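Residues per chain, in single letters:
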Amino acid sequence: METLMVDRVQSSLRLLMYSNAIFLCERLCAEFPSELNLQLLATCYLLNNQAYCAYQILKGTKMPQSRYLFAITCFRMNLLHEAEAALCPVNEPNAEVPNGAAGHYLLGLIYRFTGRRAYAIDHFMQALAIDPLLWAAYAELCALGAVEESNEYFSDVSAQRIQQQHLSDSSSHNSSTGSEYCSLPPTAAVNSVDSIPRQSKQFLANSTREISTLQQGVVFAKVQTTNSGTSNLSQYNTPSPAATQLSGVAPPPLCRNAQVFLNAASSDGSMKSNLNLAVQAPRRKFMDEGKLRKVSGRLFSDSGPRRSTRLSAEASIIANSNAPVGGNGSNHSAKFLGGLSSSSPTKANIASSRSLTFKKGQSWIAESFEEGRRPEIFDDSRTENMATTSSSISISADGRCLEQVKATGDLAHDSRLMSGTRELLGLLRILGEGYRLSCLYRCQEALEVYLKLSQKQFNTGWVLSQVGRAHFELVDYFEADHFFELARRVSPCTLEGMDTYSTVLYHLKEEMKLSYLAQELISVDRLSPQAWCVLGNCYSLQKDHETALKNFQRAVHLDPRFAYAHTLCGHEYVALEDFENGIKCYQSALQADDRHYNSWYGLGVVYLRQEKFEFAEHHLRRAYNINPRSSVLMCYLGMGLHSLKRNHEALEIMEQAISADKQNPLPVYQKANILVSLKRYDEALKELDQLSESAPHESSIYALMGKIYKRLEMHEKAMFYFGLALDLKPPAADVATIKAAMEKLYLPDEMDDNL
Amino acid sequence: MATESDGEEETATTAGKLTGSPQLSVDDDLREMAKKAAWSVSSCKPGNGVLSLRDENLDTYWQSDGAQPHLVNIQFQKKVKLQLVVLYVDFKLDESYTPSKISIRAGDGFHNLKEIKTVELVKPVGWVHISLSGNDPRETFIHTFMLQIAVLSNHLNGRDTHIRQIKIYGPRPNPVPLQPFHFTSKEFITYSILR
Numbered sequence: 000m001e002t003l004m005v006d007r008v009q010s011s012l013r014l015l016m017y018s019n020a021i022f023l024c025e026r027l028c029a030e031f032p033s034e035l036n037l038q039l040l041a042t043c044y045l046l047n048n049q050a051y052c053a054y055q056i057l058k059g060t061k062m063p064q065s066r067y068l069f070a071i072t073c074f075r076m077n078l079l080h081e082a083e084a085a086l087c088p089v090n091e092p093n094a095e096v097p098n099g100a101a102g103h104y105l106l107g108l109i110y111r112f113t114g115r116r117a118y119a120i121d122h123f124m125q126a127l128a129i130d131p132l133l134w135a136a137y138a139e140l141c142a143l144g145a146v147e148e149s150n151e152y153f154s155d156v157s158a159q160r161i162q163q164q165h166l167s168d169s170s171s172h173n174s175s176t177g178s179e180y181c182s183l184p185p186t187a188a189v190n191s192v193d194s195i196p197r198q199s200k201q202f203l204a205n206s207t208r209e210i211s212t213l214q215q216g217v218v219f220a221k222v223q224t225t226n227s228g229t230s231n232l233s234q235y236n237t238p239s240p241a242a243t244q245l246s247g248v249a250p251p252p253l254c255r256n257a258q259v260f261l262n263a264a265s266s267d268g269s270m271k272s273n274l275n276l277a278v279q280a281p282r283r284k285f286m287d288e289g290k291l292r293k294v295s296g297r298l299f300s301d302s303g304p305r306r307s308t309r310l311s312a313e314a315s316i317i318a319n320s321n322a323p324v325g326g327n328g329s330n331h332s333a334k335f336l337g338g339l340s341s342s343s344p345t346k347a348n349i350a351s352s353r354s355l356t357f358k359k360g361q362s363w364i365a366e367s368f369e370e371g372r373r374p375e376i377f378d379d380s381r382t383e384n385m386a387t388t389s390s391s392i393s394i395s396a397d398g399r400c401l402e403q404v405k406a407t408g409d410l411a412h413d414s415r416l417m418s419g420t421r422e423l424l425g426l427l428r429i430l431g432e433g434y435r436l437s438c439l440y441r442c443q444e445a446l447e448v449y450l451k452l453s454q455k456q457f458n459t460g461w462v463l464s465q466v467g468r469a470h471f472e473l474v475d476y477f478e479a480d481h482f483f484e485l486a487r488r489v490s491p492c493t494l495e496g497m498d499t500y501s502t503v504l505y506h507l508k509e510e511m512k513l514s515y516l517a518q519e520l521i522s523v524d525r526l527s528p529q530a531w532c533v534l535g536n537c538y539s540l541q542k543d544h545e546t547a548l549k550n551f552q553r554a555v556h557l558d559p560r561f562a563y564a565h566t567l568c569g570h571e572y573v574a575l576e577d578f579e580n581g582i583k584c585y586q587s588a589l590q591a592d593d594r595h596y597n598s599w600y601g602l603g604v605v606y607l608r609q610e611k612f613e614f615a616e617h618h619l620r621r622a623y624n625i626n627p628r629s630s631v632l633m634c635y636l637g638m639g640l641h642s643l644k645r646n647h648e649a650l651e652i653m654e655q656a657i658s659a660d661k662q663n664p665l666p667v668y669q670k671a672n673i674l675v676s677l678k679r680y681d682e683a684l685k686e687l688d689q690l691s692e693s694a695p696h697e698s699s700i701y702a703l704m705g706k707i708y709k710r711l712e713m714h715e716k717a718m719f720y721f722g723l724a725l726d727l728k729p730p731a732a733d734v735a736t737i738k739a740a741m742e743k744l745y746l747p748d749e750m751d752d753n754l
Numbered sequence: 000m001a002t003e004s005d006g007e008e009e010t011a012t013t014a015g016k017l018t019g020s021p022q023l024s025v026d027d028d029l030r031e032m033a034k035k036a037a038w039s040v041s042s043c044k045p046g047n048g049v050l051s052l053r054d055e056n057l058d059t060y061w062q063s064d065g066a067q068p069h070l071v072n073i074q075f076q077k078k079v080k081l082q083l084v085v086l087y088v089d090f091k092l093d094e095s096y097t098p099s100k101i102s103i104r105a106g107d108g109f110h111n112l113k114e115i116k117t118v119e120l121v122k123p124v125g126w127v128h129i130s131l132s133g134n135d136p137r138e139t140f141i142h143t144f145m146l147q148i149a150v151l152s153n154h155l156n157g158r159d160t161h162i163r164q165i166k167i168y169g170p171r172p173n174p175v176p177l178q179p180f181h182f183t184s185k186e187f188i189t190y191s192i193l194r
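Protein chains in written order, with numbering that gives the first Met the number 0: chain A, 0 to 754; chain B, 0 to 194.
No lab work stands behind these hints, which were simulated from the structure alone.
Predicted model, so just to flag it, every value in this text is computed and none were measured.
Among the hints, erroneous ones may be present.
[Claimed, not checked] Below, in silico cross-link-like pairs of lysine to any residue (SDA-like), each with a Cα-Cα straight-line distance of 20 Å or less: (1) K78(B) x K661(A); (2) K661(A) x I192(B); (3) K728(A) x R137(B).
[As the list claims (entries may be wrong)] Residues of chain A placed beyond 10 Å of chain B at every Cβ, according to the derived structure: (4) Y17; (5) P491; (6) K508; (7) Y668.
Note that the Cβ used here is the ideal one computed from N, Cα and C, for glycine as well.
Work out the full structure: start from the sequences and follow the hints.
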């Protein structure tokens with residue numbers, strides 16, 4: 000009954016019928032309370048977004064998989080310390096992090112959100128070491144600014160690592176596992192392996208029927224399993240003792256293998272009758288029937304791609320230390336490989352069985368390998384080998400495995416794997432390099448890197464968004480608009496990056512587009528912080544700062560770790576001249592992400608307004624250090640220095656800004672301002688003159704020139720330029736100032752505020 | 000009868016005759032200034048206090064309860080530039096409670112308020128816009144710590160007065176800090192701030 004229930008639960012999960020799964024699973028746990036079943040129930044809850052329920056049942060569990068699930072639960076409920084304790088128990092300092100790369104990734108996130116940057120970086124790196132394809136960890140490293148110069152993450156070294164670890168890693172595996180990894184603790188004590196030789200003879204006696212079904216299963220095993228294939232093979236050919244060696248040698252790959260294997264092995268419980276028959280007898284001979292049933296039940300019922308179910312199944316395997324499932328799995332899959340490669344009919348089978356559902360073959364595989372009879376049965380030609388090597392379960396070096404595999408003629412598959420891995424790594428390398436450069440704000444280089452992508456990859460929402468963002472950082476709002484628009488067209492439901500797009504539209508003053516974007520995004524997902532940020536920007540553009548603030552605060556509520564929402568709140572508070580709250584918001588943004596240079600900039604501006612010039616310079620410099628290529632930041636830093644009367648440095652940095660971006664007129668203007676305060680009027684006039692040619696409709700240029708001429712007491716020129724300034728219709732405040740200046744022209748210079 | 004015009008003459012004490020409009024129409028480069036100010040009134044009836052002047056609700060009103068002139072005092076934390084005062088009054092609903100003569104005074108505090116504007120309202124219904132500017136563009140704004148709106152008399156010689164909402168407007172600050180002038184061209188504005 001338990002098997003059946005587990006199977007139904009997992010199939011419900013696979014078919015996304017969460018309430019059904021939860022109900023059945025609760026019955027299951029009531030009937031057969033065990034940690035494995037609890038894990039399954041927790042998985043159901045987590046998938047149904049009921050983290051709090053999962054929390055209740057997982058509290059205090061000890062198995063690695065349970066700890067991992069508990070950590071995820073706590074993370075979702077924002078109980079970061081408990082999550083950390085679950086993954087790294089305080090009283091077991093050397094306990095291995097459950098689930099390898101995934102565990103490290105989760106730990107990294109926890110450390111990041113609790114402000115321990117160094118640890119976070121460390122764990123993300125470990126995660127990537129275990130699973131080089133864990134993009135999420137890489138992205139976090141980039142965001143933390145920890146991928147500095149060269150990028151060794153998706154290199155050929157990783158390729159080899161993947162190769163070694165997961166020999167027959169196929170694209171199907173990639174898609175299904177994603178970043179899921181587990182570290183199988185080498186607990187699989189291959190007790191039952193010993194039974195293999197004993198049973199082999201009996202099995203040999205079994206009919207070809209078994210062989211054929213086995214072959215089908217084998218094919219699947221071959222397709223699915225990764226390292227296990229190699230490891231098994233090595234078992235084959237290198238008789239050596241212990242099961243422990245087997246499990247010891249390849250924990251991560253094993254895990255992956257087992258995962259894959261289990262996936263492959265999972266059936267919907269619809270076991271073929273012949274398989275059943277085949278496994279009946281051996282079953283009885285198995286040592287620990289109860290456990291076996293549980294494990295095999297899990298194996299059978301474990302469906303494919305559902306990560307959590309895979310994990311739970313795997314965890315059950317891990318937990319079930321008596322059942323050398325892991326080891327066996329790898330054992331016999333390897334043997335399968337061997338068998339497969341040796342006979343051509345199997346090759347044909349491979350082709351055809353690929354189209355078969357996993358279940359059949361897998362369940363067979365699962366069953367039989369538990370019994371330990373699988374290996375023996377399947378390959379006639381290998382029978383003797385099996386008998387001799389059945390007791391040898393050790394996996395030799397990966398290299399040898401590789402050789403074995405190749406030796407057995409499995410070259411075609413192997414090279415497919417290799418090229419597949421290389422391709423994937425190549426793709427990830429380009430994307431990774433581009434992303435890294437973007438995070439370091441070396442946007443020009445990032446753009447060049449992204450152009451190396453294939454058309455197909457380039458024309459995807461994510462890449463186009465990144466390109467748009469790069470243009471945005473380069474203050475090239477037109478291009479940014481163009482790319483973001485393309486991104487929207489290609490994938491209209493992508494929300495990530497839309498907050499940046501809304502800022503682009505804000506800068507371009509495109510009210511229509513912005514409000515349209517806001518409406519679309521809200522209708523796509525009312526609960527996404529980005530949609531509310533866009534709406535807020537819309538209101539802010541119309542100068543309705545209060546409503547904009549409300550919207551940004553909504554975004555903050557939806558995701559308190561979304562730094563940009565905090566920053567935008569800060570901007571709105573500053574626009575409303577509420578500097579205290581503005582500062583608070585900027586600081587919250589920095590708590591979420593201390594490389595968010597916009598917040599440093601915001602703080603600098605607030606302090607400039609409050610005339611706390613030391614603070615201002617400090618904060619603007621922090622912003623500048625994060626993004627040293629932004630001419631706007633350089634300009635502001637120069638303004639900060641000018642306010643501190645450090646005019647030399649200010650001028651230097653203005654020069655830098657001018658050369659960094661020829662299109663930015665502000666540094667020239669500010670330079671002129673500084674020169675005026677240094678009484679270097681002629682130089683200032685020269686600069687302004689040049690500037691007026693590139694920006695002829697800017698009233699402030701003429702106003703400043705008028706001011707200079709007034710100081711130089713060249714009254715006619717002053718009047719002329721003031722007139723020009725007024726013609727360009729500055730706002731009323733400026734009109735007042737300029738006219739006042741004009742009136743006072745022939746009076747001695749009173750040196751009031753501005754004029 | 001009063002004319003529509005709100006034309007002003009040289010001196011600040013000339014009465015303009017205003018009737019109010021249903022729309023609140025304020026220039027885009029002005030913004031409401033008095034959210035952080037301290038508001039007080041010379042007298043009020045319980046339940047119709049100073050809060051009703053700022054609650055964005057045109058159904059609630061401030062009702063005075065004392066001798067004329069009735070005063071609304073607005074004190075700012077620092078010297079601000081003000082350009083426009085807008086009141087919402089309704090003759091049809093309030094009749095004899097509707098103010099008819101209003102004087103606006105400004106200064107540093109209660110001790111040195113000086114009248115800067117007087118207006119006369121004639122059966123106003125809706126928003127009454129009272130500009131604080133002088134003729135000269137130099138006098139577009141008044142710089143002051145405090146503003147006082149005094150209701151000197153009501154329609155039909157009513158004693159007490161009803162005002163439903165008051166808003167005070169001034170210029171927007173320069174979005175770029177420490178600048179003597181605003182930027183007007185798109186090139187400058189685009190590069191002038193980060194968001």
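Taking the hints in turn, this is what the structure says about them:
Pair hint K78(B) plus K661(A) does not hold up; C-alpha atoms about 40 Å apart against a cutoff of 20 Å. Restraint check for K661(A) and I192(B): satisfied, since their Cα atoms lie roughly 17 Å apart, inside the 20 Å limit. With a C-alpha separation of about 15 Å, the suggested pair K728(A) and R137(B) falls inside the 20 Å cut-off, and the hint holds. No beta-carbon of chain B comes within 10 Å of the beta-carbon of Y17(A); the shortest separation is about 41 Å.
Separation of P491(A) from chain B is adequate, the least Cβ-Cβ distance of about 24 Å exceeding the 10 Å criterion. A cut-off of 10 Å between C-beta atoms contradicts the statement that K508(A) is not in contact with chain B; the least separation is 8 Å. For Y668(A), the shortest C-beta to C-beta distance to chain B comes to about 7 Å, within the 10 Å cut-off, and the non-interface label is violated.
Violated hints, in rising order: 1, 6, 7; the structure is consistent with all others.
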